[in-house]
Amino acid sequence: MWYSHAKILLQRVQHARSESFILTLASAYEGYQFYLPSFIDFRGRIYRSGILHFHERDLARSLIVFAPNPYDSYDSEIDKRCRKILYCSAPFHYKSFQSYTESNEWYNDNKSSFNTSDHSLIEFALHAKKPFQFIANVLSLERKTDPSTIPVTQDASSSAYQIMSYFLLDVELANRTNLISIDDKIHDLYTKLIEELRDYLKVHLRSSLASVVCPRIDRKLVKAIFMPLIYGKTVISTTKDIHNSLSSLLTNQ
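For the sequence shown, the residue numbers in our numbering are -4 to 248.
Read the hints as simulated data drawn from the structure, not as lab findings.
In this text, all values refer to a predicted model and were calculated from it rather than measured experimentally.
Some hints could be false.
[Claimed, not checked] Pairs of lysine to aspartate or glutamate, DMTMM-like flavour, derived with a Cα cap of 20 Å:
1. Lys197 <-> Asp179
2. Lys235 <-> Asp213
3. Lys180 <-> Glu167
4. Lys218 <-> Glu191
5. Lys2 <-> Glu14
6. Lys90 <-> Glu191
7. Lys79 <-> Asp179
8. Lys228 <-> Asp179
9. Lys90 <-> Glu167
10. Lys125 <-> Asp183
11. Lys90 <-> Asp236
12. Lys124 <-> Asp213
13. Lys2 <-> Glu25
14. Lys124 <-> Glu14
15. Lys2 <-> Asp236
16. Lys124 <-> Asp104
17. Lys106 <-> Glu72
18. Lys90 <-> Asp74
19. Lys125 <-> Glu14
20. Lys180 <-> Asp113
21. Lys218 <-> Glu190
22. Lys124 <-> Asp165
23. Lys75 <-> Asp113
24. Lys79 <-> Asp104
25. Lys215 <-> Asp236
26. Lys90 <-> Glu100
27. Lys90 <-> Glu118
28. Lys215 <-> Asp179
29. Lys90 <-> Asp104
30. Lys218 <-> Asp183
31. Lys75 <-> Glu100
32. Lys180 <-> Asp194
33. Lys90 <-> Glu72
34. Lys218 <-> Asp179
35. Lys79 <-> Glu118
36. Lys124 <-> Asp113
37. Lys125 <-> Asp113
38. Lys124 <-> Glu191
39. Lys228 <-> Asp194
40. Lys125 <-> Asp213
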């Protein structure tokens, strides 16, 4: 038990040191305008390169915004488009939704709870999926700043599987990865795969083992299995990930 607590403490200390460094770096760059070197991979996704690599880091993503508009002229059309982007993205940094209509309704219903003061926004964001990006989007949307100063990062939805569905002309997979919309809903591929994987294990595992393992199959494990699988991850490597995740339940066999 003490080892588990010590491990959690060390992880939190390391996380705190990392975020402290990010804030120090952000303070050093405050007020400067700079370019972010990037490259495009075979899927068309843009990756950052260099020392300012902020992939999957909530705090860093929330601090990097587009530079202010260098022109004095105000473009209402650009402002409208930027606000529409923020209006859609802010709720999704708090939690997942099945449609943009649902996310917009949630934002309107809860706006009075988090937009009364800085303190109310911080308190509300404590329960967000990505609290720092949620705060950044709300501030950009509600504080009437230059419409170009919005967070830079937007993510794709299972982009490799989107490309696969395109080449295979697989309509169901395209719908599951939000490449196309059949039912006007936003889908999460890995959440759907949870139930399918559980059904598969119930058929191929002993009932006593399946009853223990299946309830512990969550989205994090499913994503760790299927996301890198399409890039050529080996069965042995996948097996190790599964064993590490379920090590308290499984033997080496």
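Structure-based check of each hint:
1. Lys197 <-> Asp179: Not satisfied, since the Cα-Cα distance of roughly 32 Å exceeds 20 Å.
2. Lys235 <-> Asp213: holds, 16 Å
3. Lys180 <-> Glu167: OK: Lys180 and Glu167 at ~13 Å, within 20 Å.
4. Lys218 <-> Glu191: Holds - the C-alpha atoms of Glu191 and Lys218 are around 13 Å apart, at most 20 Å.
5. Lys2 <-> Glu14: The given pair, whose Cα atoms are some 18 Å apart, holds under the 20 Å limit.
6. Lys90 <-> Glu191: With a Cα-Cα distance of about 23 Å, the restraint between Lys90 and Glu191 is violated, given a limit of 20 Å.
7. Lys79 <-> Asp179: holds, 18 Å
8. Lys228 <-> Asp179: violated, 33 Å
9. Lys90 <-> Glu167: violated, 24 Å
10. Lys125 <-> Asp183: Holds: Lys125 and Asp183 sit about 17 Å apart, inside 20 Å.
11. Lys90 <-> Asp236: The hint is violated at about 26 Å.
12. Lys124 <-> Asp213: holds, 16 Å
13. Lys2 <-> Glu25: Given pair Lys2, Glu25 is violated - Cα atoms ~34 Å apart, limit 20 Å.
14. Lys124 <-> Glu14: holds, 17 Å
15. Lys2 <-> Asp236: With Cα atoms ~19 Å apart, Lys2 and Asp236 stay inside 20 Å; holds.
16. Lys124 <-> Asp104: holds, 18 Å
17. Lys106 <-> Glu72: At roughly 24 Å apart (the allowed maximum being 20 Å), Glu72 and Lys106 break the hint.
18. Lys90 <-> Asp74: violated, 25 Å
19. Lys125 <-> Glu14: Roughly 14 Å separates the two Cα atoms, so the pair holds.
20. Lys180 <-> Asp113: This hinted pair is violated, its Cα atoms lying about 33 Å apart.
21. Lys218 <-> Glu190: holds, 13 Å
22. Lys124 <-> Asp165: With a Cα-Cα distance of about 31 Å, the restraint between Lys124 and Asp165 is violated, given a limit of 20 Å.
23. Lys75 <-> Asp113: Judged against 20 Å, a Cα distance of about 25 Å means the pair is violated.
24. Lys79 <-> Asp104: At roughly 17 Å apart (the allowed maximum being 20 Å), Asp104 and Lys79 satisfy the hint.
25. Lys215 <-> Asp236: holds, 11 Å
26. Lys90 <-> Glu100: With a Cα-Cα distance of about 13 Å, the restraint between Lys90 and Glu100 holds, given a limit of 20 Å.
27. Lys90 <-> Glu118: Holds: Lys90 and Glu118 sit about 15 Å apart, inside 20 Å.
28. Lys215 <-> Asp179: Distance of about 26 Å is beyond 20 Å: violated.
29. Lys90 <-> Asp104: holds, 14 Å
30. Lys218 <-> Asp183: holds, 11 Å
31. Lys75 <-> Glu100: holds, 18 Å
32. Lys180 <-> Asp194: Cα-Cα ~24 Å, so violated.
33. Lys90 <-> Glu72: violated, 29 Å
34. Lys218 <-> Asp179: violated, 24 Å
35. Lys79 <-> Glu118: violated, 25 Å
36. Lys124 <-> Asp113: holds, 19 Å
37. Lys125 <-> Asp113: holds, 17 Å
38. Lys124 <-> Glu191: violated, 25 Å
39. Lys228 <-> Asp194: With Cα atoms ~23 Å apart, Lys228 and Asp194 exceed 20 Å; violated.
40. Lys125 <-> Asp213: Cα-Cα ~19 Å, so holds.
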